[in-house]
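Protein chains in written order, with my numbering: chain A, 1 to 169; chain B, 1 to 237; chain C, 1 to 550; chain D, 1 to 180.
Just to be clear, a hint being listed does not mean it is correct.
Beta-carbon label-pair distances, calculated as ranges [unchecked claim]:
no., chain 1, residue 1, chain 2, residue 2, range
1, D, Leu127, A, Asp123, 50 to 56 Å
2, A, Asn124, C, Ala50, 45 to 51 Å
3, B, Gln218, C, Glu506, 51 to 57 Å
4, A, Phe21, D, Gly118, 53 to 59 Å
5, B, Gln133, D, Leu66, 22 to 28 Å
6, A, Asn124, D, Leu127, 15 to 21 Å
7, B, Glu55, C, Ala422, 37 to 43 Å
8, B, Glu29, C, Thr283, 39 to 45 Å
9, D, Arg167, B, Gln218, 34 to 40 Å
Hints listed in this document are in silico derivations from the structure and should not be mistaken for laboratory results.
As the structure is a prediction and not an experimental result, all values here were calculated from the model.
Glycine included, every Cβ here is placed at the ideal spot set by N, Cα and C.
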Amino acid sequence: MRVRKAKKEAEISKNDPRVKFLANKIKKENYSPGSLIEILHTAQNAFGYLPLNVLQYITKALKLPPARVFSTVTFYHFFSLKSKGEHTCLVCTGTACYVKGAQAIVNELEKQFGLHSGQVTPDNKLGVAVARCIGACGIAPAVVLDDEVLAKVEPQELTQKIKSKLAAS
Amino acid sequence: MSMTKLTLQIDGRSIETESGRTILEVCKENDITILTMCHLKGITDVGACRLCLVEIEGVSKLMSACTTKVADKMIIRTSTEKIKRYQRITTELFAAERNHVCSVCIANGHCELQKLAYDVKMDHIRYPYLFPQCEVDTSHPLYVLDHNRCIVCTRCVRVCAEVEGAYNWDVMNRGTNVRIISDFNTPWGESITCSDCGKCVEACPTGALWPKAVVQGQLNKAPEFISDLIEKRKMKL
Amino acid sequence: MNSQELTTLYDKAKQKNAQYKHKICVCCGAGCISSGSEEVLKKIQEEITARGLENEVSAVPSGCMGPCNQGPLVKFLPDNTIYQKVDCKNIQYVVQRQLIDKKPIEDLLIFSDSREKPFLNADEDPFFKKQLKIALKDCGDINPEEIDDYLNIGGYSALDKVLFKMLPEEVIAEVKHSRMRGRGGAGYPTGFKWETVYKYVSAEKYVICNGDEGDPGAFMDRSVLEGNPHRVLEGMAIAGYAVGASQGYAYIRGEYPLAIKRIENAIKQAKKLRLLGNNILGTNFSFDVQVRIGAGAFVCGEETALIASIEGKRGTPSPRPPYPAESGLWGKPTLINNVETFAGIAPIINQGGEWYSEIGTPKSAGTKVFALAGKIKYSGLIEVPMGTTLRQIIFDIGGGMQDDGEFKAAQTGGPSGGCIPAEHLDVKMDYESLLSLGSIMGSGGLIVMDKSSDMVDVARFFMEFCMDESCGKCVPCRVGTKMMHDLLQKICTNHATKIDLDRLEELADYVKECSLCGLGTSAPNPLLSTLRHFREEYENRIRQFEELQP
Amino acid sequence: MSKKKLATVWLGGCSGCHMSLLDIDERILEVAQLADIVKCPIVDGKEFPEVDIALVEGAITSDEHLKEILHIRKQSKILISLGDCAIMTNVTGMRNYFNLKDVIETSYVGSVSNDDAGEVPNHWALLKLNDKVYPLQEIVEVDYFIPGCPPSADAIFYVLSELLNDRIPDLSEAKKMKHG
Numbered sequence: 001m002r003v004r005k006a007k008k009e010a011e012i013s014k015n016d017p018r019v020k021f022l023a024n025k026i027k028k029e030n031y032s033p034g035s036l037i038e039i040l041h042t043a044q045n046a047f048g049y050l051p052l053n054v055l056q057y058i059t060k061a062l063k064l065p066p067a068r069v070f071s072t073v074t075f076y077h078f079f080s081l082k083s084k085g086e087h088t089c090l091v092c093t094g095t096a097c098y099v100k101g102a103q104a105i106v107n108e109l110e111k112q113f114g115l116h117s118g119q120v121t122p123d124n125k126l127g128v129a130v131a132r133c134i135g136a137c138g139i140a141p142a143v144v145l146d147d148e149v150l151a152k153v154e155p156q157e158l159t160q161k162i163k164s165k166l167a168a169s
Numbered sequence: 001m002s003m004t005k006l007t008l009q010i011d012g013r014s015i016e017t018e019s020g021r022t023i024l025e026v027c028k029e030n031d032i033t034i035l036t037m038c039h040l041k042g043i044t045d046v047g048a049c050r051l052c053l054v055e056i057e058g059v060s061k062l063m064s065a066c067t068t069k070v071a072d073k074m075i076i077r078t079s080t081e082k083i084k085r086y087q088r089i090t091t092e093l094f095a096a097e098r099n100h101v102c103s104v105c106i107a108n109g110h111c112e113l114q115k116l117a118y119d120v121k122m123d124h125i126r127y128p129y130l131f132p133q134c135e136v137d138t139s140h141p142l143y144v145l146d147h148n149r150c151i152v153c154t155r156c157v158r159v160c161a162e163v164e165g166a167y168n169w170d171v172m173n174r175g176t177n178v179r180i181i182s183d184f185n186t187p188w189g190e191s192i193t194c195s196d197c198g199k200c201v202e203a204c205p206t207g208a209l210w211p212k213a214v215v216q217g218q219l220n221k222a223p224e225f226i227s228d229l230i231e232k233r234k235m236k237l
Numbered sequence: 001m002n003s004q005e006l007t008t009l010y011d012k013a014k015q016k017n018a019q020y021k022h023k024i025c026v027c028c029g030a031g032c033i034s035s036g037s038e039e040v041l042k043k044i045q046e047e048i049t050a051r052g053l054e055n056e057v058s059a060v061p062s063g064c065m066g067p068c069n070q071g072p073l074v075k076f077l078p079d080n081t082i083y084q085k086v087d088c089k090n091i092q093y094v095v096q097r098q099l100i101d102k103k104p105i106e107d108l109l110i111f112s113d114s115r116e117k118p119f120l121n122a123d124e125d126p127f128f129k130k131q132l133k134i135a136l137k138d139c140g141d142i143n144p145e146e147i148d149d150y151l152n153i154g155g156y157s158a159l160d161k162v163l164f165k166m167l168p169e170e171v172i173a174e175v176k177h178s179r180m181r182g183r184g185g186a187g188y189p190t191g192f193k194w195e196t197v198y199k200y201v202s203a204e205k206y207v208i209c210n211g212d213e214g215d216p217g218a219f220m221d222r223s224v225l226e227g228n229p230h231r232v233l234e235g236m237a238i239a240g241y242a243v244g245a246s247q248g249y250a251y252i253r254g255e256y257p258l259a260i261k262r263i264e265n266a267i268k269q270a271k272k273l274r275l276l277g278n279n280i281l282g283t284n285f286s287f288d289v290q291v292r293i294g295a296g297a298f299v300c301g302e303e304t305a306l307i308a309s310i311e312g313k314r315g316t317p318s319p320r321p322p323y324p325a326e327s328g329l330w331g332k333p334t335l336i337n338n339v340e341t342f343a344g345i346a347p348i349i350n351q352g353g354e355w356y357s358e359i360g361t362p363k364s365a366g367t368k369v370f371a372l373a374g375k376i377k378y379s380g381l382i383e384v385p386m387g388t389t390l391r392q393i394i395f396d397i398g399g400g401m402q403d404d405g406e407f408k409a410a411q412t413g414g415p416s417g418g419c420i421p422a423e424h425l426d427v428k429m430d431y432e433s434l435l436s437l438g439s440i441m442g443s444g445g446l447i448v449m450d451k452s453s454d455m456v457d458v459a460r461f462f463m464e465f466c467m468d469e470s471c472g473k474c475v476p477c478r479v480g481t482k483m484m485h486d487l488l489q490k491i492c493t494n495h496a497t498k499i500d501l502d503r504l505e506e507l508a509d510y511v512k513e514c515s516l517c518g519l520g521t522s523a524p525n526p527l528l529s530t531l532r533h534f535r536e537e538y539e540n541r542i543r544q545f546e547e548l549q550p
Numbered sequence: 001m002s003k004k005k006l007a008t009v010w011l012g013g014c015s016g017c018h019m020s021l022l023d024i025d026e027r028i029l030e031v032a033q034l035a036d037i038v039k040c041p042i043v044d045g046k047e048f049p050e051v052d053i054a055l056v057e058g059a060i061t062s063d064e065h066l067k068e069i070l071h072i073r074k075q076s077k078i079l080i081s082l083g084d085c086a087i088m089t090n091v092t093g094m095r096n097y098f099n100l101k102d103v104i105e106t107s108y109v110g111s112v113s114n115d116d117a118g119e120v121p122n123h124w125a126l127l128k129l130n131d132k133v134y135p136l137q138e139i140v141e142v143d144y145f146i147p148g149c150p151p152s153a154d155a156i157f158y159v160l161s162e163l164l165n166d167r168i169p170d171l172s173e174a175k176k177m178k179h180g
């Protein structure tokens with residue numbers, strides 16, 4: 001038998017309110033493996049992303065194989081294993097937005113902040129992502145800036161808005 | 001479930017069999033060749049490689065032989081020109097997806113993918129190679145995982161979960177970014193679930209999983225060993 | 001609560017509503033909210049209170065009214081006057097003129113900026129007049145967050161009817177008689193699906209509402225869920241009664257937080273009144289609904305993948321048979337229908353299958369919701385009888401092309417559908433006609449394109465979508481869509497030869513025939529349909545490249 | 001029957017395929033009866049002449065190769081990809097997973113034996129490597145393929161003798177196909 005030398009991740013603090021929140025959710029879902037995705041949603045909402053030690057916590061609580069949990073997390077685009085930045089800018093690139101110039105927005109963000117989809121600035125201030133369709137086609141092109149849905153977005157106006165947000169924070 | 005006798009026709013041959021079996025099982029019993037890659041007798045079939053597709057009269061879609069049960073009076077065709085054409089494309093896509101460099105592969109000469117290429121008479125690949133950058137995980141003391149040679153048949157995943165019960169493996173990401181992972185995409189050698197049994201290595205059809213103790217040209221896998229093991233486990237001695 | 005008490009509830013709701021002379025609905029669909037409609041609603045409520053009209057006028061949020069790019073929309077009932085692009089600044093003026101002076105402001109009425117004479121009663125405007133709303137009927141007229149509003153229009157009376165007056169077999173017969181077909185895309189007859197699930201004997205069965213509307217350019221399900229969630233719940237409960245299930249799941253895209261919020265709220269309210277939960281209306285029938293939130297995977301709209309996702313796994317599809325009707329969620333018989341399908345159930349029960357079956361065409365009964373988007377004057381949500389022509393939809397309802405551009409093609413069915421060229425503008429929008437043109441009905445996304453659209457690039461766009469959304473399980477879809485995308489990219493950048501086009505066509509046929517699930521088998525559709533109707537665009541690019549060669 | 005013209009070419013490969021060609025041993029006399037070998041890495045000749053059959057070993061790795069293969073395609077009635085490098089880039093293509101710059105740095109500077117003292121050679125006579133290595137069929141139309149690393153002498157002889165006798169070779173029927 002070989003010696004097992006699994007790397008230890010930083011333990012998560014039981015006093016962290018987010019952990020308590022997560023623990024409650026897991027209890028509410030009856031520790032059922034079937035509710036893995038609901039629990040992951042809760043964890044991501046609480047932590048902004050899914051740190052490895054949180055995944056380990058969930059894995060233990062639900063008595064699931066680690067690989068099952070990791071494979072599920074990486075399957076869904078909603079879940080992120082990396083922190084996405086203090087401010088997030090989500091550009092919808094669904095068909096309607098695409099037809100109405102979402103690409104210009106993506107290009108402008110790249111030009112102004114040097115960020116491709118899924119990237120974060122080195123100082124972790126701003127993260128840029130694209131969505132496949134947020135279902136707001138009537139107001140295309142649409143952008144979600146920190147949970148606020150912006151309609152008929154003009155690239156320059158958007159970057160101005162982001163810049164003022166960054167300056168304010 | 002009670003078995004009922006039924007008669008069906010495969011490639012013009014009339015065959016008697018029982019209900020509850022898959023088309024693939026019936027074909028094998030009757031020496032009708034069906035190409036497979038993700039199938040391994042004894043573990044759950046997933047119908048992923050699409051090599052075993054057959055035509056069934058009255059069914060508009062092609063059906064995977066490994067997951068479709070036989071029915072009375074079914075008329076099945078396994079080797080029409082259309083099916084052969086599709087099998088060749090599947091093989092080409094397998095070969096173009098990752099980096100299958102036979103000449104320097106540990107499994108050269110003992111590889112199911114290589115054999116498949118001969119079976120479908122693939123002398124070259126018509127599609128551009130994707131040349132993805134793939135890792136080689138040598139962290140396990142006994143075995144190597146080489147993603148360059150992996151075709152994501154998931155035989156390792158199913159053997160580990162269903163036969164060994166360790167559930168070390170699963171698949172991460174999606175699309176062409178899928179990769180076999182152990183635990184949290186942890187190096188295999190640091191897995192807390194792997195029991196070092198080596199069943200995944202036996203089950204792997206290519207040179208993606210191999211024992212370190214073997215040199216090129218000597219690798220000889222025995223996936224049928226897994227199938228036998230499953231049969232023996234069912235015995236009540 | 002029993003049936004008697006439901007009647008009392010209806011009376012109560014009616015009474016409550018009767019006291020108001022006017023009702024102001026402010027569209028709080030996701031589109032209008034992003035144009036600031038919540039603020040508008042708040043201001044209107046303040047204005048009503050300031051004028052001391054709170055006992056005469058109620059101002060409530062409502063679901064989607066349709067013309068999403070004219071928002072924020074405010075509707076005055078019972079006059080049915082709709083104001084568009086309402087600004088917080090002129091609310092005082094609007095309320096004064098509409099409610100007090102009774103002199104509506106023509107310049108602010110819906111479509112006033114593009115029609116010579118706007119209509120005081122919006123239903124007379126061609127945009128609304130040519131529609132027939134069944135699934136969307138009450139969206140825009142009721143407050144989706146109040147069950148009273150739904151009860152006021154006879155909500156849950158269909159559930160009451162089936163529980164006390166109909167056997168499950170009779171419910172199924174009624175749905176079969178309506179000839180309704182699944183609105184999720186494939187168009188499988190709803191009644192037959194119900195019957196199949198009904199016939200399997202099992203102590204546990206499940207009903208799933210598929211709200212994983214992932215097509216880019218489609219927002220029908222979202223609007224129904226946001227605008228009238230109780231209608232969907234009622235449909236699910238009726239389905240549960242018919243097939244013998246006591247647990248339902250509403251699977252909704254994570255991208256639709258408002259829809260999730262409203263359906264969760266609706267479940268809570270319905271449970272409180274015992275219209276969901278144990279012993280509904282005092283009968284032996286129990287039915288509970290849980291919400292499951294999708295996590296960003298288009299493939300989860302496929303039934304078997306959706307089931308895997310509800311079970312907390314990777315959303316990878318499985319080969320069928322066995323069909324979910326036999327072995328679905330947790331291996332039990334499972335009925336999966338689309339949001340819009342469930343929204344159509346209560347009207348069928350209330351008004352009869354016969355009534356429904358007479359709407360639409362012989363093979364495609366009823367109405368269909370479409371999401372109009374792209375280069376069209378009035379984009380938004382519409383509902384028309386099946387068999388309405390594409391021309392009627394775009395030019396009569398949608399007001400024609402944006403900036404009077406020239407129509408080139410309409411894309412239906414999203415990444416699984418195809419493009420319809422100008423010469424087929426008179427195609428009837430029903431399942432068979434669209435299929436014969438190489439497209440599909442799909443869930444109802446309808447993107448209009450003008451001459452500036454490059455059809456090869458459109459094909460590439462959808463192929464990229466399918467490639468990104470491929471779950472990676474089967475080889476044809478995983479590698480085939482990637483290869484096709486690369487070849488399309490090569491054509492788009494003018495680097496492809498005739499051989500590349502041949503390869504592309506061979507691959508398209510292969511992926512269509514060999515893929516495991518619907519995502520793969522339909523992934524080549526946008527490519528095949530643009531090849532069929534706009535082949536010269538592909539060939540021109542190839543010719544350009546080949547002429548450059550030495 | 002007039003004598004045919006035969007050429008063999010060595011592009012981005014290890015010349016192992018040519019070794020295998022030589023392994024047809026005395027059967028080369030049979031080939032010589034039916035064809036003249038007019039161009040071959042060991043026969044001097046500046047221009048690539050018009051030929052009936054060209055056997056091409058190796059992948060396309062540089063501008064030079066690209067120019068050559070386009071010219072060869074024009075000059076040849078039948079073009080045969082000889083060996084795995086020509087067909088699937090094989091070992092030659094193993095640099096395709098990396099940046100060309102990294103590959104060159106690693107080989108000339110970073111490799112352990114260099115003690116970081118090496119430098120990237122820069123001489124006009126050296127091949128200018130392309131970013132990626134391509135198999136022949138991605139650049140030109142190829143008529144026949146003899147896979148293998150190297151292909152067996154039997155396979156090579158079989159294909160040659162069939163073509164020289166105006167028959168169509170089928171490697172899969174003769175069970176001579178071999179990858180790797």
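Results for each hint:
Checking the proposed 50 to 56 Å range against Leu127/D and Asp123/A shows it is violated: the Cβ atoms sit about 44 Å from each other. For Asn124/A and Ala50/C, the hinted distance range of 45 to 51 Å is satisfied, since their beta carbons lie about 46 Å from each other. The hinted window of 51 to 57 Å between Gln218/B and Glu506/C is violated, with their beta carbons roughly 39 Å apart. Between Phe21/A and Gly118/D the C-beta distance comes to about 57 Å, which sits within the given range of 53 to 59 Å.
Distance hint check for Gln133/B and Leu66/D: the Cβ-Cβ separation is about 24 Å, which falls inside the suggested range of 22 to 28 Å. Taking 15 to 21 Å as the suggested C-beta distance range, the pair Asn124/A and Leu127/D does not conform, at roughly 45 Å. Range check, Glu55/B to Ala422/C: about 38 Å between beta-carbon atoms, so the 37 to 43 Å window is met. At roughly 53 Å, the beta-carbon separation of Glu29/B and Thr283/C lies outside the given 39 to 45 Å, and the hint is violated.
Judged by the Cβ atoms, the range 34 to 40 Å given for Arg167/D and Gln218/B holds: they are separated by roughly 39 Å.
In terms of the numbered hints stated before, the structure departs from hints 1, 3, 6 and 8, listed from lowest to highest.
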